[in-house]
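Going by the numbering used here, the first residue of the sequence shown is number 1, and it counts up by one from there.
Think of the hints as simulated: they come from the structure by calculation, not from any bench. If a hint is listed, it holds; no wrong ones were tucked in.
So the derived label-pair ranges between C-beta atoms look like this: (1) Thr-62 <-> Leu-40: 20 to 26 angstroms; (2) Glu-66 <-> Ala-37: 32 to 38 angstroms; (3) Gly-47 <-> Glu-75: 16 to 22 angstroms.
Below, simulated PhoX-like cross-link-like pairs (lysine-lysine); rule was C-alpha separation at most 25 angstroms, straight line: (4) Lys-14 <-> Lys-46; (5) Lys-42 <-> Lys-14; (6) Lys-34 <-> Lys-14; (7) Lys-34 <-> Lys-46.
C-beta: ideal position from N, C-alpha, C; glycine also.
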Amino acid sequence: MELISFIVVNLVDKPENVTVDLVRKADREVYQVKVDAEDLGKVIGKGGQTARALRTLLTAATSQDEQRIGLEIVE
Numbered sequence: 001m002e003l004i005s006f007i008v009v010n011l012v013d014k015p016e017n018v019t020v021d022l023v024r025k026a027d028r029e030v031y032q033v034k035v036d037a038e039d040l041g042k043v044i045g046k047g048g049q050t051a052r053a054l055r056t057l058l059t060a061a062t063s064q065d066e067q068r069i070g071l072e073i074v075e
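Please take these sequences and the hints and turn them into a complete structure.
The following block contains the structure:
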């Protein structure tokens, strides 16, 4: 969670509005990243490239765990 927080806080213009919560669902855990509406595009990126890169990093960082991990970006 610290890795995702660090990256997102450094991407946005309003880092004080960034929160990262771990939500447990039936089949997986999901990190919910909440950002200011003005910063949403920066976190998602052109064509979703930044969001995809964040998901890839999260998968690599948790690859030793056998749980499924997800990432949701919400405003």
